[in-house]
Amino acid sequence: MNAFRRHTGTFALVFPLTLFLGVFFIWPLLTVLQQAVSDPVVSKNLPRTTAAVSAWNITSEPSDEMRTALVDDLKSLDDDQKLGEVVRRLNSAQPGFRTLMRKTVAAVRDSTGPISLAEIDARWNDVAFWRAIAEATEPYTDRNLLAAVDLQHDASGAIVAMPAGESANQAILLRTFAVAAVVTLATCLIGLPYAMLAAALSGWRRQLLLAAVLLPLWTSLLVRTAAWYILLQDKGLINSLLVSLGLLDSPLPLLFNRTGVVIAMTHVLLPFMVLPIYSVLIAIPRNLMPAAASLGASPIRAFLHILLPLALRGIASGGLLVFMAALGYYITPALIGGPKDQMISSVIAFYATGSANWGMAGALGMVLLAVTIVLYGVYGRLSMKTTGA
Amino acid sequence: MTIRLLKFLFGAATVIFLLAPLLAILPIAFTSSSFLAYPIPSFSDRWFAELATEDAWRRSIVNSLLIGAGTTLLSTVLGILAALALRRRVVFAAALRTIFLLPMVVPAVVLGVGLQILFAGLGFPNTFAAVIVAHTVVAVPFVLVSITASLEGIDYRTERAAASLGASPAKVFWKVTLPLAMPGVLSGAVLAFATSLDEVVLTLFVAGPNQLTLARQMFSSIRENISPAIVAAAFLFIVGTIFLGGLLAVVHRRAARSAAPA
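Chains as they are written, first to last, in this note's numbering: chain C, 1 to 389; chain R, 1001 to 1262.
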């Protein structure tokens, strides 16, 4: 009896948070994924055509039912906004649909009797247009996911690269990875020696070094970004100092470019590198380095063969943490960077709030989410081993 | 000798890199000029006055406090319950823990897009409830970690002793477990409040014009018309951080003292 009550009790305790995160965390993420692959515009607004086209084999002459169904659908679709969505969707699959539909809709709306599509425009005899409709009536699509990495289907359905200049997602993804990698490297180059220094010191010196890491970590991200915004300006503290010291004639451009983004992100993420390395280093027995030295190893050799391998797990944890966080950054590039420094998060935000293109926002979000979760999995295994050891 | 000097220089340079941005901007909060630059012509409290009087700033501060309070309450209650459950042997404990901590790493923009669509579908977009719920999702992991850690420090025998003396499970929780876990609960609550105060990206997606928070207002002012009012707001943030940090230190010191054998 007790075991049963304990189990129901535990369930009652864990249920609220599970439900809460299920509804407000897992569900939204699934919604994003669904947006990425769903393509309901045509099937929702042209229901009869969708039904008629589903029986068609894509290669033969379009049937009369299909033509009648399309005319009927166009007659009953009197919402111009929805019609616009349908036309946009079809035109993206088959250029020429915009003019064809404008002409057809005008004719359908004017006439009262039966209409022959072929008489309105000869293009309605072209199988390519009907094939575009047939593909667009599929409720699910890999179009957005392919477009997220600059790929598309060609006329025969094979996956090919998009024409150059049409989409820049690959470039933005590469840029995001590059910025994240540079920031990870920079935090490592500063963070590793800093953590070593803090671990080697003792007393108030160590406390000071640790406080210097923890204080920014505690300070609002926005405050830190605002601080860099102010420092990096042409008339900001850094440039004024350099000019007044006579090191520069004119201010260095530090704001609204890559340099500024990297500096500010390095500052923001440095604590996430220092703390894991530090926690590994203080666990290393302090007599290892003197022992190596007494056996004749030079400091560099002792560092490379003793300290670095032992610290590697901390470096890997810190590196993953920083890289993962940097990939999803939005605020710092949005405020400090120029248009050429926007990372994938900014593009997702643009598609979602700027142009209401939920499909593309979802597809890019899916790419970002997948990479982050894989990295988190690696990080989880790594930290499990560390605590298990 | 040179190595020691190099170490000192490196350490000093990095400490300056870490702390200087925060210290360098603070005096600008008290400038009398409308420019965010040195030298400061003279000191004045005009920008703090602007925060208190100008409608957009004043309302955003009130909104931040309201949303922060709601987030703290909701995430602390959810966090306590889940932490109590994870302390027992639960099936799928590892999986549950992973899911509970996942909001810390999921990119905020992706979650923001999903929440915006979800709230629109559920029929409460642009409401205080939506913003509080969104903030709670990202605050809950911090609360959970903090409370779990403090529960781990409790000796089971204390609770068993209370139960053997006839206390009901509820009474054991209120009179024994909760008071012993209080330091963790309080630091979790403080972390939740701080997370909510600082959250921008989710707010950007789920808040309407009536729920603009201080962080959100700072974000758009930096983009549009950067004025020393932002630094005054940042000053408030930093003072608030130091206050909350001090509060936590006091709580932990007290807990440590009462836990120490007399």
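Hints should not be assumed to be uniformly reliable.
[Said to hold, decoys possible] Coverage of chain C stretches by chain R, computed from C-beta distances (three or more under 8 Å per stretch; other residues unrestricted): (1) 113 to 127; (2) 189 to 203; (3) 206 to 219; (4) 230 to 242; (5) 329 to 337; (6) 354 to 360.
The set of hints was computed from the structure by calculation and includes no laboratory data. Every residue gets a Cβ at the ideal spot worked out from N, C-alpha and C, and that includes glycine.
Exercise. Check each numbered hint from earlier against the structure, then list the numbers of those it violates in ascending order.
Key: 1, 6
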